[in-house]
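Protein sequences appear in the order of chains A and B.
If you count the first sequence from 1, you need to add 17 to reach the working numbering.
If you count the second sequence from 1, you need to add 17 to reach the working numbering.
Treat the hints as calculated values from the structure; they're not laboratory data.
Fair warning: this is a prediction, and the values are worked out from it, not measured in the lab.
Heads up, the beta-carbon is just placed ideally off N, CA and C, and yes, glycines get one too.
Just to be clear, a hint being listed does not mean it is correct.
[Said to hold, decoys possible] Stretches of chain B that chain A covers, calculated by requiring three or more beta carbons in the stretch to come under 8 Å of a beta carbon on chain A:
#1 52 to 58
#2 103 to 116
#3 124 to 133
There are 2 protein chains.
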Amino acid sequence: MATPIDPTAVAFLLAENRSMPMHVGGLQLFTKPEGAGRGYAREMYEAMSGVEDIAPLFLKHPHRSVRTGGQLVWKPDEQFDIEHHVRHNALPEPGRVRELLDLCGRLHSTRLAWERPLWEAHLIEGLRDGRVAMYTKTHHALVDGVSAMRLLASVLSTDPDERDMPPPWGVLPQRPRPEEHDDEDGDDGGRFAGVPVSALRAALGITAEAAGMPGALVKTLRKGLRNETSSLSLYAPRTLFNQSITGSRRFAAQDWPIERLRAIGKATGTTINDVVLAMCAGALRAYLIDHDALPDAPLVAMVPVGLNAKQSHIASTEGGNALGAVMVQLATDQADPARRLGAVHRSMKDGKEALSSMTPVQILAMSALGQAPAILTPMLKMQGILRPPYNVIISNVPGPRTTHYWNGARLEGTYPLSIPINGMALNITCTSYDGSMAFGLTGCRRTVPHLQRLLTHLDHELQALERAALG
Amino acid sequence: MATPIDPTAVAFLLAENRSMPMHVGGLQLFTKPEGAGRGYAREMYEAMSGVEDIAPLFLKHPHRSVRTGGQLVWKPDEQFDIEHHVRHNALPEPGRVRELLDLCGRLHSTRLAWERPLWEAHLIEGLRDGRVAMYTKTHHALVDGVSAMRLLASVLSTDPDERDMPPPWGVLPQRPRPEEHDDEDGDDGGRFAGVPVSALRAALGITAEAAGMPGALVKTLRKGLRNETSSLSLYAPRTLFNQSITGSRRFAAQDWPIERLRAIGKATGTTINDVVLAMCAGALRAYLIDHDALPDAPLVAMVPVGLNAKQSHIASTEGGNALGAVMVQLATDQADPARRLGAVHRSMKDGKEALSSMTPVQILAMSALGQAPAILTPMLKMQGILRPPYNVIISNVPGPRTTHYWNGARLEGTYPLSIPINGMALNITCTSYDGSMAFGLTGCRRTVPHLQRLLTHLDHELQALERAALG
Numbered sequence: 018m019a020t021p022i023d024p025t026a027v028a029f030l031l032a033e034n035r036s037m038p039m040h041v042g043g044l045q046l047f048t049k050p051e052g053a054g055r056g057y058a059r060e061m062y063e064a065m066s067g068v069e070d071i072a073p074l075f076l077k078h079p080h081r082s083v084r085t086g087g088q089l090v091w092k093p094d095e096q097f098d099i100e101h102h103v104r105h106n107a108l109p110e111p112g113r114v115r116e117l118l119d120l121c122g123r124l125h126s127t128r129l130a131w132e133r134p135l136w137e138a139h140l141i142e143g144l145r146d147g148r149v150a151m152y153t154k155t156h157h158a159l160v161d162g163v164s165a166m167r168l169l170a171s172v173l174s175t176d177p178d179e180r181d182m183p184p185p186w187g188v189l190p191q192r193p194r195p196e197e198h199d200d201e202d203g204d205d206g207g208r209f210a211g212v213p214v215s216a217l218r219a220a221l222g223i224t225a226e227a228a229g230m231p232g233a234l235v236k237t238l239r240k241g242l243r244n245e246t247s248s249l250s251l252y253a254p255r256t257l258f259n260q261s262i263t264g265s266r267r268f269a270a271q272d273w274p275i276e277r278l279r280a281i282g283k284a285t286g287t288t289i290n291d292v293v294l295a296m297c298a299g300a301l302r303a304y305l306i307d308h309d310a311l312p313d314a315p316l317v318a319m320v321p322v323g324l325n326a327k328q329s330h331i332a333s334t335e336g337g338n339a340l341g342a343v344m345v346q347l348a349t350d351q352a353d354p355a356r357r358l359g360a361v362h363r364s365m366k367d368g369k370e371a372l373s374s375m376t377p378v379q380i381l382a383m384s385a386l387g388q389a390p391a392i393l394t395p396m397l398k399m400q401g402i403l404r405p406p407y408n409v410i411i412s413n414v415p416g417p418r419t420t421h422y423w424n425g426a427r428l429e430g431t432y433p434l435s436i437p438i439n440g441m442a443l444n445i446t447c448t449s450y451d452g453s454m455a456f457g458l459t460g461c462r463r464t465v466p467h468l469q470r471l472l473t474h475l476d477h478e479l480q481a482l483e484r485a486a487l488g
Numbered sequence: 018m019a020t021p022i023d024p025t026a027v028a029f030l031l032a033e034n035r036s037m038p039m040h041v042g043g044l045q046l047f048t049k050p051e052g053a054g055r056g057y058a059r060e061m062y063e064a065m066s067g068v069e070d071i072a073p074l075f076l077k078h079p080h081r082s083v084r085t086g087g088q089l090v091w092k093p094d095e096q097f098d099i100e101h102h103v104r105h106n107a108l109p110e111p112g113r114v115r116e117l118l119d120l121c122g123r124l125h126s127t128r129l130a131w132e133r134p135l136w137e138a139h140l141i142e143g144l145r146d147g148r149v150a151m152y153t154k155t156h157h158a159l160v161d162g163v164s165a166m167r168l169l170a171s172v173l174s175t176d177p178d179e180r181d182m183p184p185p186w187g188v189l190p191q192r193p194r195p196e197e198h199d200d201e202d203g204d205d206g207g208r209f210a211g212v213p214v215s216a217l218r219a220a221l222g223i224t225a226e227a228a229g230m231p232g233a234l235v236k237t238l239r240k241g242l243r244n245e246t247s248s249l250s251l252y253a254p255r256t257l258f259n260q261s262i263t264g265s266r267r268f269a270a271q272d273w274p275i276e277r278l279r280a281i282g283k284a285t286g287t288t289i290n291d292v293v294l295a296m297c298a299g300a301l302r303a304y305l306i307d308h309d310a311l312p313d314a315p316l317v318a319m320v321p322v323g324l325n326a327k328q329s330h331i332a333s334t335e336g337g338n339a340l341g342a343v344m345v346q347l348a349t350d351q352a353d354p355a356r357r358l359g360a361v362h363r364s365m366k367d368g369k370e371a372l373s374s375m376t377p378v379q380i381l382a383m384s385a386l387g388q389a390p391a392i393l394t395p396m397l398k399m400q401g402i403l404r405p406p407y408n409v410i411i412s413n414v415p416g417p418r419t420t421h422y423w424n425g426a427r428l429e430g431t432y433p434l435s436i437p438i439n440g441m442a443l444n445i446t447c448t449s450y451d452g453s454m455a456f457g458l459t460g461c462r463r464t465v466p467h468l469q470r471l472l473t474h475l476d477h478e479l480q481a482l483e484r485a486a487l488g
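Input sequences plus hints: build the corresponding full structure.
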């Protein structure tokens, strides 16, 4: 009962190695319902592991043998063991968020074995404030960050009294898609949420083509990266983030009220997404100064954005929107926070305009570069493009806007863990939820030392932007 | 800097698959030193993970490539990451021994990835009685149960005030071998402890030869198993333990005062090892009756024993003793505990006498069968020997006789986790330490349901033997 694996998933499976596990992760924090006892985390674990029907996505594993002609196929796991995939963990003393992030970093460092379905979920108790955490890990061949977020959202409810809700790997009753998952300020980023998983897949399909090296695509990509007059052509300096990585991961996460970001945006005529990027820019600058490693030239971030309806005719067979990527100058050479925000805003605007004037193939090439750099980078090297096309990936995935619950447990926050790759040792992914903007920083533990200090820098930068914008 | 892998280790690596992880485990329970604070487990973890010099055994991983001509070699891990190998865990509420055994079963179920050195150690806090646990997992290609026990013993001290002691994976200062590791009653089992690892390896070397199927050896083995007049030839019935297994593990463990076993032995003229086997016999009988699955014919256990000096001339190049295997009738068809003990005693005695009359090649064949059934069983099948040669493996590995400490933490107990294989879904390994006999039961979670009930049966059987022997 083997089924074919789509070419993109194959590419993600084959790109993986010990230094580059190809799974995305998510950390969720829940508050117990009122009246829940000490054993609540266990009850939650039992509800999650006791589910009868598992969605087929979570039952298959990659398989390759002589009988499949050496081709990778999906095979149902005939010894499927839910206790392997859903686990009950606890934090060591003193049970601070620090211990939780340490555990997530460790869990995120280990590859998923191909001999079993490519996912794990860990219910974690022992936070001293009594909250319960869940860390999930899913191979990029199954989902990407956006669809993982949607999967989670699809099992949550706004009703604290709803019960008998399945976990994300359970078989879901069909529900209408809630409208509210759109981004707060109607930024392009918001369109991510409207993209069905299958359309994302279609958009990503290009990466497999690219891995097969169709000459025209490669040429377009080279032209785009080298054309001095295009805003796609940026000079990205080498930084400590742009090295080979190991398989060790560190994870840092924190959230801030979106209201604070919105106030800055309003006062300066910028978007919330611009403020997110400016926070990252300032934090990266401070971090690199700490390490005496700030390059003269400004850092460049690759920022995935949604494409509007006019642009999207190229990508989707299901009416969804496609993804594009914008290269944003982070102005890390500027000492002044307000100037950095202004520069980021202009660079983002230029990039989007450039996108809108690009041909469909150019957009697809950028999209491929944004979504699957691990696959494309070796190809670029073979084509003589050795400089990193950008320094860091910063993405912003919108989540539910209002408070959500899982069987009465209130979701307090949700934090994404992403995929550092060779040459791109740090990934910053943000998710908005219930009035907060969460930053999830995933880095190679060896290449990016003291990753958690970036959180302090992010906080300082937000304060500095407030002082600059609001006086 | 690749180094060759000895043929036995290669055989263990190649025999491994998802259903049959080939690692041995150990669970140790420690009591904190007086005055230790809440953070003691963390201090212990930091001492264990902070070690500067790691023994080479723990730094190499198997590697195979075109450059090695497709041969497996050991390669030093150039990205060695101690935080991957030494981990700090905690138990969920309520932190009973049950939660600890669950965690060990789960950790024991997952294969060690070849891309890293083949070991893990987990320091586990959160036992409600305040003890700290350590679970270690080491591939059989690196150590066997006996050498793992010796490795642990080698870093412990009888002095509660000794400090700055390295963990088992640290580089050890050379010390004289303590004499006291011999078995309590001078039983043959005791000789295990005197066998240097390299001699064990030499004895095990035969398995690789066997895998290569030298005709003479196979013939000897077949003759031994079929010869009606030899005590080696036993009829082992099919039981629920003798099925294909999955990769899920359950672990159960408990210890009893050796004094109780010794009293029974004294009163009945049997050895402590006989009493261990009789406890297992009675427990297996009760367990199989519970499942309405007791066969008419008595079960047969494969029991590894040491060989005395006269027999050992064949095995060791370093003057150590070799291992042999005795097939012991467990008399599970007998309802009376005293009769079972008597029958086990006679069967063990016969088996040892038979061993002493065997030729060196016969002994080696038995030894290979005992040590590497996973490797030999397919070979036996190819030779038309389809019946399981025995139903269960019961081994008894002596440990230190007196109280030992690691940097002031008192070792309370040590429990072995072993390797179930296809056709042999349950493994019972016992270790003696500080006046207690610990039983470690490792089984396939699906094939051996309610494994933990065997502990209750063991306890009942010990009481029944006491009533029978002591009145």
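Hints, verified against the model:
no.: 1; hint: 52 to 58; verdict: holds (count 3)
no.: 2; hint: 103 to 116; verdict: holds (count 8)
no.: 3; hint: 124 to 133; verdict: holds (count 6)
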